[in-house]
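Trainee: Now for the letters of each chain:
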Amino acid sequence: MLARTVFSRQLVRPAARLAAIPTASPSFALSALQRRLLSDSTRQAIDKAVASAPVVLFMKGTPETPQCGFSRASIQVLGMQGVDPSKFAAFNVLEDPELRQGIKEYSDWPTIPQLYIDKEFVGGCDIIVSMHQSGELAKLLEEKKVLAVEEESVSAEGEKKE
Amino acid sequence: MAQTSITEDSIKAALTERLGASYVEVQDMSGGCGQSFTSLIVSPEFAGKNSLKRHRLVNAALKAEIAEIHAWSAKCQTPEEWEKERAATGGNDGPPLDGTADGKVTGVSQ
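Protein sequences appear in the order of chains A and B. Going by UniProt numbering, the first residue of the first sequence is number 1, and it counts up by one from there. Going by UniProt numbering, the first residue of the second sequence is number 1, and it counts up by one from there.
Among the clues, some could well be false.
[Stated by the list, open to error] One side only, chain B facing chain A, incomplete, derived with CB under 7 angstroms:
#1 Ile66
#2 Ser73
#3 Gly99
#4 Asp102
#5 Gly107
[Claimed, not checked] Taking lysine-lysine and the DSSO-like style, the derived pairs with C-alpha atoms no more than 30 angstroms apart in a straight line are:
#6 A/Lys87 to A/Lys144
#7 A/Lys144 to A/Lys104
#8 A/Lys145 to B/Lys49
#9 B/Lys12 to A/Lys139
#10 A/Lys48 to A/Lys139
#11 B/Lys84 to B/Lys53
#12 A/Lys119 to B/Lys49
#13 B/Lys53 to A/Lys119
#14 B/Lys53 to A/Lys48
#15 B/Lys53 to A/Lys144
#16 B/Lys53 to A/Lys104
#17 B/Lys84 to A/Lys119
#18 A/Lys139 to A/Lys119
#19 B/Lys49 to B/Lys84
#20 A/Lys119 to B/Lys12
#21 B/Lys84 to A/Lys104
#22 A/Lys48 to B/Lys84
#23 B/Lys104 to B/Lys63
#24 B/Lys53 to A/Lys87
#25 B/Lys84 to A/Lys139
#26 B/Lys49 to A/Lys144
#27 B/Lys53 to B/Lys12
#28 B/Lys53 to B/Lys63
#29 A/Lys119 to A/Lys48
#30 A/Lys104 to B/Lys12
#31 B/Lys104 to B/Lys12
#32 B/Lys53 to A/Lys139
#33 B/Lys63 to A/Lys104
#34 A/Lys145 to B/Lys53
Worth flagging that the hints you see were computed from the coordinates, not collected in a lab. Quick reminder that beta carbons are idealized off the backbone N, C-alpha and C, glycines included.
Kindly produce the complete structure, drawing on both the sequences and the hints.
Mentor: This is the structure in structure tokens:
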């Protein structure tokens, strides 16, 4: 039902490997009102989309051609972090009005893009960028084992986090 | 694109009142796709909350406003964090402009 696009290529080098440090997991609960607004079929479709890969981004446009600056910034961050393309899925909300409205209610979040990691809502562009800058995102992605492993490169282990 | 009555000042007033914000900067970043704002919000209510919870608090306080505009960005700090960062940066750190082109939102207008 929902169109899925994936990275067609690895965007950039993998992020430096960091020790896994447990972080607090954000959780969300939907109110009864929100459940009523969102149809069962849309909810099920979004459930599936969220579970379709370990890292899922709901965005405007595609990773190759983002249609909004915030979606572009978010995709760039995931690329810089070195998210494994095989563990990533992007959903273009512009192709699906039901998804576009539904995801806002589903996540209780008013804007696009929206990032999910292991089916948990992480946040929108502001949060993605600030977690990228603070190093929290690198820690989380490492912990969830969703970064591309550069097997052929011997220098990967020696890389420093920027 | 319908114009709304939402302005930098009305958002600032709403945040000051609804979140007990001690300092708010709101900047219009409207580009070609409708009204857009970015903000720096300093409130003691953010204490003890992670980034996601802080943004959810702001989103809830501005639910009607955000629903009417095209884009919204926020940086949420406690008074202590803000003071610390101001001391470190010399006060140059305003609302976030990541994802914009020179402070203006670009993208689809739909």
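Trainee: Take the hints in turn and mark each one as holding or not.
Mentor: Hints, verified against the model:
| no. | hint | result |
| --- | --- | --- |
| 1 | Ile66 | holds (5 angstroms) |
| 2 | Ser73 | holds (5 angstroms) |
| 3 | Gly99 | holds (4 angstroms) |
| 4 | Asp102 | violated (11 angstroms) |
| 5 | Gly107 | holds (3 angstroms) |
| 6 | A/Lys87 to A/Lys144 | holds (11 angstroms) |
| 7 | A/Lys144 to A/Lys104 | holds (25 angstroms) |
| 8 | A/Lys145 to B/Lys49 | holds (26 angstroms) |
| 9 | B/Lys12 to A/Lys139 | violated (34 angstroms) |
| 10 | A/Lys48 to A/Lys139 | holds (26 angstroms) |
| 11 | B/Lys84 to B/Lys53 | holds (21 angstroms) |
| 12 | A/Lys119 to B/Lys49 | holds (21 angstroms) |
| 13 | B/Lys53 to A/Lys119 | holds (18 angstroms) |
| 14 | B/Lys53 to A/Lys48 | holds (25 angstroms) |
| 15 | B/Lys53 to A/Lys144 | holds (21 angstroms) |
| 16 | B/Lys53 to A/Lys104 | holds (16 angstroms) |
| 17 | B/Lys84 to A/Lys119 | violated (35 angstroms) |
| 18 | A/Lys139 to A/Lys119 | holds (17 angstroms) |
| 19 | B/Lys49 to B/Lys84 | holds (18 angstroms) |
| 20 | A/Lys119 to B/Lys12 | violated (34 angstroms) |
| 21 | B/Lys84 to A/Lys104 | violated (34 angstroms) |
| 22 | A/Lys48 to B/Lys84 | violated (43 angstroms) |
| 23 | B/Lys104 to B/Lys63 | holds (22 angstroms) |
| 24 | B/Lys53 to A/Lys87 | holds (27 angstroms) |
| 25 | B/Lys84 to A/Lys139 | holds (24 angstroms) |
| 26 | B/Lys49 to A/Lys144 | holds (23 angstroms) |
| 27 | B/Lys53 to B/Lys12 | holds (20 angstroms) |
| 28 | B/Lys53 to B/Lys63 | holds (15 angstroms) |
| 29 | A/Lys119 to A/Lys48 | holds (10 angstroms) |
| 30 | A/Lys104 to B/Lys12 | holds (24 angstroms) |
| 31 | B/Lys104 to B/Lys12 | holds (19 angstroms) |
| 32 | B/Lys53 to A/Lys139 | holds (19 angstroms) |
| 33 | B/Lys63 to A/Lys104 | holds (12 angstroms) |
| 34 | A/Lys145 to B/Lys53 | holds (25 angstroms) |
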